[in-house]
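*Asks:* Given next are the chains, with one letter for each unit.
Protein chains: 2
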Amino acid sequence: MAENMTEKKAPLEGIRVIDLTRVLSGPFCTMMLGDMGAEVIKVEPAKGDPIREQGTLRDGFSAYYASFNRNKKSVVIDLYSARGRAVLERLISGADVLIDNFRPGVMAKMGFGEARLKALNPRLVTANVNGYGSTGPYVDRPAFDFIAQAMSGLMSVNGAEGTEPMRVAQPITDLVAGLYCAFGVVSALRARDLNGTGQHVESAMINGAISMMAYLASEYFTTGELPARTGNDHPLVAPYGLFRARDGEIAVAPSNDVILKRFLDVLELGHLMEDPRYDTNDKRFARRPELNEMINQAVGRDTQEAWIARLNAAGVPCGKVQNLAEALNDPQTQAQEMVIEVDQPNHGPIRMLGFPVKLSGTPCRLRHPAPELGADTRAVLEASGFDADEIEALAKEGVIGGNWIAVRGSTSSP
Amino acid sequence: MAENMTEKKAPLEGIRVIDLTRVLSGPFCTMMLGDMGAEVIKVEPAKGDPIREQGTLRDGFSAYYASFNRNKKSVVIDLYSARGRAVLERLISGADVLIDNFRPGVMAKMGFGEARLKALNPRLVTANVNGYGSTGPYVDRPAFDFIAQAMSGLMSVNGAEGTEPMRVAQPITDLVAGLYCAFGVVSALRARDLNGTGQHVESAMINGAISMMAYLASEYFTTGELPARTGNDHPLVAPYGLFRARDGEIAVAPSNDVILKRFLDVLELGHLMEDPRYDTNDKRFARRPELNEMINQAVGRDTQEAWIARLNAAGVPCGKVQNLAEALNDPQTQAQEMVIEVDQPNHGPIRMLGFPVKLSGTPCRLRHPAPELGADTRAVLEASGFDADEIEALAKEGVIGGNWIAVRGSTSSP
Numbered sequence: 008m009a010e011n012m013t014e015k016k017a018p019l020e021g022i023r024v025i026d027l028t029r030v031l032s033g034p035f036c037t038m039m040l041g042d043m044g045a046e047v048i049k050v051e052p053a054k055g056d057p058i059r060e061q062g063t064l065r066d067g068f069s070a071y072y073a074s075f076n077r078n079k080k081s082v083v084i085d086l087y088s089a090r091g092r093a094v095l096e097r098l099i100s101g102a103d104v105l106i107d108n109f110r111p112g113v114m115a116k117m118g119f120g121e122a123r124l125k126a127l128n129p130r131l132v133t134a135n136v137n138g139y140g141s142t143g144p145y146v147d148r149p150a151f152d153f154i155a156q157a158m159s160g161l162m163s164v165n166g167a168e169g170t171e172p173m174r175v176a177q178p179i180t181d182l183v184a185g186l187y188c189a190f191g192v193v194s195a196l197r198a199r200d201l202n203g204t205g206q207h208v209e210s211a212m213i214n215g216a217i218s219m220m221a222y223l224a225s226e227y228f229t230t231g232e233l234p235a236r237t238g239n240d241h242p243l244v245a246p247y248g249l250f251r252a253r254d255g256e257i258a259v260a261p262s263n264d265v266i267l268k269r270f271l272d273v274l275e276l277g278h279l280m281e282d283p284r285y286d287t288n289d290k291r292f293a294r295r296p297e298l299n300e301m302i303n304q305a306v307g308r309d310t311q312e313a314w315i316a317r318l319n320a321a322g323v324p325c326g327k328v329q330n331l332a333e334a335l336n337d338p339q340t341q342a343q344e345m346v347i348e349v350d351q352p353n354h355g356p357i358r359m360l361g362f363p364v365k366l367s368g369t370p371c372r373l374r375h376p377a378p379e380l381g382a383d384t385r386a387v388l389e390a391s392g393f394d395a396d397e398i399e400a401l402a403k404e405g406v407i408g409g410n411w412i413a414v415r416g417s418t419s420s421p
Numbered sequence: 008m009a010e011n012m013t014e015k016k017a018p019l020e021g022i023r024v025i026d027l028t029r030v031l032s033g034p035f036c037t038m039m040l041g042d043m044g045a046e047v048i049k050v051e052p053a054k055g056d057p058i059r060e061q062g063t064l065r066d067g068f069s070a071y072y073a074s075f076n077r078n079k080k081s082v083v084i085d086l087y088s089a090r091g092r093a094v095l096e097r098l099i100s101g102a103d104v105l106i107d108n109f110r111p112g113v114m115a116k117m118g119f120g121e122a123r124l125k126a127l128n129p130r131l132v133t134a135n136v137n138g139y140g141s142t143g144p145y146v147d148r149p150a151f152d153f154i155a156q157a158m159s160g161l162m163s164v165n166g167a168e169g170t171e172p173m174r175v176a177q178p179i180t181d182l183v184a185g186l187y188c189a190f191g192v193v194s195a196l197r198a199r200d201l202n203g204t205g206q207h208v209e210s211a212m213i214n215g216a217i218s219m220m221a222y223l224a225s226e227y228f229t230t231g232e233l234p235a236r237t238g239n240d241h242p243l244v245a246p247y248g249l250f251r252a253r254d255g256e257i258a259v260a261p262s263n264d265v266i267l268k269r270f271l272d273v274l275e276l277g278h279l280m281e282d283p284r285y286d287t288n289d290k291r292f293a294r295r296p297e298l299n300e301m302i303n304q305a306v307g308r309d310t311q312e313a314w315i316a317r318l319n320a321a322g323v324p325c326g327k328v329q330n331l332a333e334a335l336n337d338p339q340t341q342a343q344e345m346v347i348e349v350d351q352p353n354h355g356p357i358r359m360l361g362f363p364v365k366l367s368g369t370p371c372r373l374r375h376p377a378p379e380l381g382a383d384t385r386a387v388l389e390a391s392g393f394d395a396d397e398i399e400a401l402a403k404e405g406v407i408g409g410n411w412i413a414v415r416g417s418t419s420s421p
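Order-wise, the sequence lines are chains A and B.
Position in the first sequence (first residue = 1) + 7 = the numbering used here.
Position in the second sequence (first residue = 1) + 7 = the numbering used here.
Simulated from the structure, these hints should not be mistaken for lab results.
Any given hint could turn out to be false.
Intra- or inter-copy, both count: the list cannot distinguish identical chains.
Straight-line alpha carbon distances no greater than 30 Å define the calculated BS3-like cross-link-like pairs of lysine-lysine that follow [as the list claims (entries may be wrong)]:
| hint | residue 1 | residue 2 |
| --- | --- | --- |
| 1 | K290 | K54 |
| 2 | K268 | K116 |
| 3 | K268 | K54 |
| 4 | K16 | K125 |
This one's a predicted model, so the numbers in the text were calculated from it and none came from an experiment.
Work out the full structure, taking the sequences as your base and the hints as a guide.
*Replies:* Below, the structure is given as structure tokens:
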């Protein structure tokens, strides 16, 4: 805090988040809140968030964990014990936000139902990232990204014509739900600034997935027809998609007639726009194979790089299909600082993705790397008014924990 | 405003957004700001946002337009004319947020560079949704969802093994960039509450797409190996994916050994977890085909519905691969109000997707349907201090416009 006295305050400066989330959707949300300046206190069981063991470990350490838990503190509390829940209650009393990604109802079973939380802390914003929402017939079902993709209709349109419905390779229903939740929490904090009281925010994976259907949904509502799986072809526009240059494919998206004319002009095929066989999108769509063949013949005469330079100069959106290494090493990605290197104490430098939202005045930044398990238990409890005897007693009983216990008295915690 | 005097204020109540965005990424962002209570003033050219002509039209009206422009007002201003830009300048002076999704630099060319905007209105939050960001070698390239998918590495992992890289069917790079932008704008408004000044927010499609790589990126950073395209199979876990019930497929996601044991127990195949051929994930992964065959034989003995009920009861995430109609008519989707019907004046009821973020105290709600082109030009200008003579003169010159002109004096605008 002190370091920033003369600088501008971050958007969430002074906001304390108690974070009970695990694995991906919730931790992605609280990471964004931390990136925006909130103090995020990750409450973990003695075994830690399962994500600490996921992905390829290096020196026993998970880069997956590191990359979704930067800018957080770690506190170990046994929430299965009544005393542990009493510790949590004191943390909640002094917090601004409480987030979990348990199934709806789990918090109430732990003794933290809505009424109790309101009594404890009427200004508290509570948030839950879940699978299906907290009303409706599926409310008690366990959720998972792949299932949300299946049930939301998302898989039904993904993939090539004539093949089976295809999941999206990225865990997008987790991530989109986390992102909606972060938007909801900051909005609720602003409402609290206006109204003086907190409220509950909910973000369901399946709802977020449905919201991604965008114009596919509005088309269905208008026509009653199901969208087809069309792979890399556009369902409504032709030509569009991947074309074969001499040394590989290029992706070209001529989304309207103006841009299509530019594309064909660069290929010296501009006359096709006047040809009565191809002078409307409907006709081109019907003759897509022969049109694509003509375009491939032209594109095949030069390299990817040459076409990409020429087409971009002409204002035609295009690019290479890059693999992940090419994408992450792309000079544009580097210029945008979308790969950052974090010095992880005891584990050396770890690369992770950067900050996708750029704020000019109070940019997201790395304030501290992901925490060792329980590294902040003592400091956070002290700051919440627990005295040394209480902390010692709780630690002896195994109600609280963390690696800090081993080093007590040697070096002081952060 | 008056209607809410006794209610709680919405998160963005009192926030005026000048919205220059077109088509999808930007309008998706400003729709979310409107859903959260902001007054969104959509500035359109005389021809309107191109999205008004996109998708299947009914009575000349686009449901695609309607579903991304609810809770907005429409003002027609010719920004190619100096007088039009002077009108915009006065609107900006009284606004809280200005958003565009032009390429970086276009606003400056129009006379609205950063310094000028700061001089006009130091509390203004400005935001730009763009393709590649405003620094780096590709800053001047035109962008499009398909190209952002290609270049970000997203396509490289999507699709089945042995097939070409596959775009995701949803326009997710547009939508994710819009969602990040909404999160950034609300965060910047909160920073303004703390610091007193506005700042610039930027959200690039390609950066948002890269951020969706999640653990695929952290695995690449750790191992240096490119993720494979694995279609509906999980790249690391087996069994996992689609299995054939008697009447169709079910999606099952046993993401760890505990859940896998539950899954196999329900199938009466629990003994496989003890079998030395299958007792670790690595072994199961290596013998995936034979394992999947045993599971398919068991699953084939009953219906989708029966297995889904049984597996959910046992705590195994599973579900049907639903097409869009099934997904939107699912009782869960209905219970979550993810499909809403909006009475669109002159066009009757229009169905659209609902609100994915649920706030208990100040929920997102439909305050008004998407506007007719220029319906609010007069009212907005009056509220911004333009007098009747000025408005008449601007309208005569064609600097401002809208359907309201035809009905002037007959019925009053909203």
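*Asks:* Work down the list of hints and note, for each, if the structure agrees.
*Replies:* Hint-by-hint comparison with the structure:
In this assembly of identical chains, the alpha carbons of K290 and K54 lie at most 30 Å apart only when taken from different copies (25 Å versus 62 Å within one copy). Proximity of K268 and K116 under a CA criterion of 30 Å is satisfied inter-copy only: 26 Å between copies versus 62 Å inside one chain copy. With identical chains, the CA atoms of K268 and K54 are at most 30 Å apart between copies only, with a shortest distance of 21 Å across copies and 60 Å within one. Taking the shortest Cα distances, K16 and K125 sit within 30 Å of each other both inside one copy (28 Å) and across copies (19 Å).
When held up to the earlier numbered hints, the structure conflicts with none and fits them all.
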